[in-house]
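Enquirer: So the chains spell out like this:
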Amino acid sequence: MNGTAPPTLEVRNLRTHFFTRAGVVKAVDDVSFSVPRGKVLGLVGESGSGKSVTGFSVMGLVDPPGRVVSGEILFQGRDLTKLSEEEMRDLRGNRIAMIFQDPMMTLNPVLRIDTQMIETVLAHARVSREEARQRARDALGMVGIPSPEERLQSYPHQFSGGMRQRVAIAIALLHRPELIIADEPTTALDVTIQGQILAEVQKLSATTGTALIWITHDLSVVAGLADEIAVMYAGRIVEHGTVAEVLDRPLHPYTVGLIGSVPSRNRRGEPLRQIPGMTPSLLNLPPGCPFRARCPRAAEDCREEPPMREVVPGRDVRCFRPHLEAAEEATA
Amino acid sequence: MSDLALDRAAAVPSVAQERVETPFRRFVAEFAESKLALLGLGVFVVIALTAIFAPWLAPQNPYDLGQLDIMDGRMEPGTVGGAGFTFWLGTDDQGRDMLSGIMYGLRISLSVGAGSALIACFIGASLGLLAAYAGGRTDSLIMRLVDLQLSFPAILAALMILAFLGKGILNVVIALVLVEWAYYARTVRGTALVERRREYIEAAHCLALPTRRILFRHLLPNCMPPLIVVATMQVARAIALEATLSFLGLGVPITEPSLGLLIANGYEYMLSGKYWISFYPGIALLITIVSINLVGDQLRDVLNPRLRK
Amino acid sequence: MSVYMLRRLLQAVAVVFAMSLIVFVGVYAIGDPVEILISPDADQIERERAIAALGLDLPLWEQYFVFLSKALQGDLGRSFVFNEPALRLILQRMPATLELAFGATIMALVIGLPLGLYAGLRPDSPVSRTIMAGSILGFSLPTFWVGLMLIMVFAVQLGWLPSTGRGPTREFLGMQWSFLTWDGLRHLLLPAINLSLFKISLVIRLTRAGVRETILMDFVKFARAKGLSPNRVIFVHVFKNILIPVVTVVGLELGSTIAFSVVTESVFAWPGMGKLIIDSINVLDRPVIVAYLMIIVMMFIIINLVVDLTYSVLDPRVRLEAKGT
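Protein chains in written order, with UniProt numbering: chain A, 1 to 332; chain B, 1 to 309; chain C, 1 to 325.
With the rest of the complex left out, here is chain A (with noise of 0.2 Å):
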């Protein structure tokens, strides 16, 4: 894609294991995916499927009993997850930026907008309070909230659901990150809310070259902004392409069934197909691909994992049947 340069962010074999009293919860195992710069990868799976513990044990915020076992996380060629708390720290909110899924959560209630804003940038930047002050000013007239220094003195609660996402994007921003890891930021939101703000980022992710990684069960959302897709199953991703590829000729049963459950103006009076079943806990997961209780072409061989492998030139699946027919026809 863009030649030699290494990818913005760049994850092998990634495990992240949580140790419970009732057992250990593999909720990412051996998870691998990059983000060149200025690129969008949508990460989309259903709740439960480890996408959201990816993003953070990206950002190192895994929590005990939980904690990133094995593999690596480059960051622009450095490993994270051999990084000091103190490295890690330094790399959080100022190279690398969060944005989270409840907008009404996220920003702290009881402290004004300025507070939290002007602390991001003293936590990484040796400014005075009112060079501070006109950065988080900017920030905000970025994301499009009006009167910002009017803003600033608010709290919280005097924002709509829309509004306060826009100023935690805004406080991503302010350090004008290389990469920006978005957890379901637009659920929360009104549907018309959600395009403005999805525009937005759009815009600013090809503006400034940041690399964005979109957390989402969502794939309509994806659709139109990400450039590829990575679906995730279990803890595992189990497809891996560009969106056209992926959304137009799905190879893995999942994603199949995934797409069939979406409503679309295209298949108007055609019934929604949904998937049988349900996800499985991932505590204790029987060995095997997770996928074969639920899958339409599951077959004796299933019940040993299957290996993420090219099947057609550029994709990548976790499956050992494979839509190939679909891809053939298209290729054909």
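Treat the hints as calculated values from the structure; they're not laboratory data. Please note that the accuracy of each hint is not assured.
[Said to hold, decoys possible] Okay, the calculated beta carbon distance ranges per label pair:
| # | chain 1 | residue 1 | chain 2 | residue 2 | range |
| --- | --- | --- | --- | --- | --- |
| 1 | B | H205 | C | I22 | 30 to 40 Å |
| 2 | C | R88 | B | Y63 | 43 to 53 Å |
| 3 | C | G159 | A | V24 | 57 to 67 Å |
[As the list claims (entries may be wrong)] Non-contacting residues of chain B with respect to chain C, defined by C-beta distances greater than 12 Å in every case (computed):
| # | residue |
| --- | --- |
| 4 | T22 |
| 5 | P77 |
| 6 | L118 |
| 7 | A134 |
| 8 | M143 |
| 9 | R212 |
| 10 | H218 |
| 11 | L303 |
In this text, a Cβ means the ideal position worked out from N, Cα and C, and glycines have one as well.
Assemble the complex: chain A is given as a structure, and chains B and C must be docked to it using the hints.
Expert: Chains B and C alone, transformed into the frame defined by chain A:
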């Protein structure tokens, strides 16, 4: 059936056939998880038995003046008295054996505490049930009273009542009941409000069961867990409050000294270094209250469905 | 804001009337009013004259009206023992009690907040378990007995601190205070510790629960994601949030601290309102009892109002709602 589900089913050991798990057994097992709570329970049982059998266990009847010898007054713990037996915990100014005094004092403290808690529980639970069941004006009237009661510290309310009524065991019990009924009422009302919306109450209504039966046979049993927890804690509170009131000279009369009064009696001797007259009754009081609280703490954890995973 | 305040004030006034009725019924209906309000030493003629003077021959509702109108003029009767207006007597003793209660409250916060914070941040460490076990003990220990033990250890055995009394006082704002002299402070220390014991346990538990709850909130994780130092996350983001419930409860508890000072004052012979009320009950100085009760009720209501206001200052959400209504 998918093979995943089959795998799972096979993995579950068939414990169920070996031993039937009744709610009571589960409750006992969960309670026993805390060694501290078990210890508390054990200690409390010993204390209660000591109080009940005090007349047979105590070396001396501390209120039979014929058995007292003023020459034995203010003896240090471990001294052998004129009557020939050892005063393990010393004697008070009248020559009373403190150990016997404490055993008899426990009787008064425990019976006043438990008795007032039971009466308060009965009154409070009934009013709470009534408030939840009747709703409307009755409910708001009762709850206003509860709020008013709870907004004043127990000690103040008890002082007020005793200031009006005067000393005496009965008056102390009345004061404790008046101070504590509100806790029960609030607890029962809260639970009952949730429970009365459940299907089994609707079913009882559909069967046209009499109100009294619905209240006491259907609603009340389901409000029991939180009520038991509150009652346990309130017994400890009642005992402490009674001791405080008696210490202040507003509680039990001198002829029926509870632990609090024993401690008060030793107060003036404490400054001259004769610590044991106040110290040991205090230890007895402390152990009693702590053991009840330990049991109550564990009961709350076990019986509170919100804390259960 | 003003409507909200007005409503709170009206509620407060309603409670005062309700309590005055209860006290009235207590004094005039349950007990024998003659015995309560007229000195037991009075002879027959004096008694009859007093009965007429007090209007005890009037119907009950009229008596209540008289009682109320006198109370509104600040006349709550005269003490039999001191032969002074009961109200003035109590107000004279009030600084001593307030000093004790505030001392205990400050101590509870200064000791309880750090311990609770630690126990909340490291819930499984042995130190935290010890702190929590200690707090159970703090709840269970009867105040008066702990007071005795404090005297025994620090005054009698070690001789470090005085056992009873208030020590020398100094005038400030027209009232006498102990905390302004060194010896006064020494006298204050043991009673304040004694009175604060229960509150310390309370603050520890509240703080710990608050920390455990707040630390799981998204905004704490977001604050960490911003790259803030752990100290800033804990002492600004977490602490400011838990301060609200803790301050509310401790503020509300100020009233009960004042009430419970009855016990501590009796143990340490601290010459405050609490000691006065106990002495008054013991000698049946009923006008003082009535006056004390009414003053305590007023105090409670004022404390509740002040806490509500403080709360709205600390929690911006409440402030807005209050403005809205």
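Enquirer: All hints, please: hold or fail.
Expert: Now the hints, each set against the structure:
no. : hint                       : in the structure
1   : B:H205 x C:I22: 30 to 40 Å : holds, 38 Å
2   : C:R88 x B:Y63: 43 to 53 Å  : holds, 44 Å
3   : C:G159 x A:V24: 57 to 67 Å : holds, 60 Å
4   : T22                        : holds, 31 Å
5   : P77                        : holds, 15 Å
6   : L118                       : holds, 21 Å
7   : A134                       : holds, 22 Å
8   : M143                       : holds, 14 Å
9   : R212                       : holds, 32 Å
10  : H218                       : holds, 34 Å
11  : L303                       : holds, 18 Å
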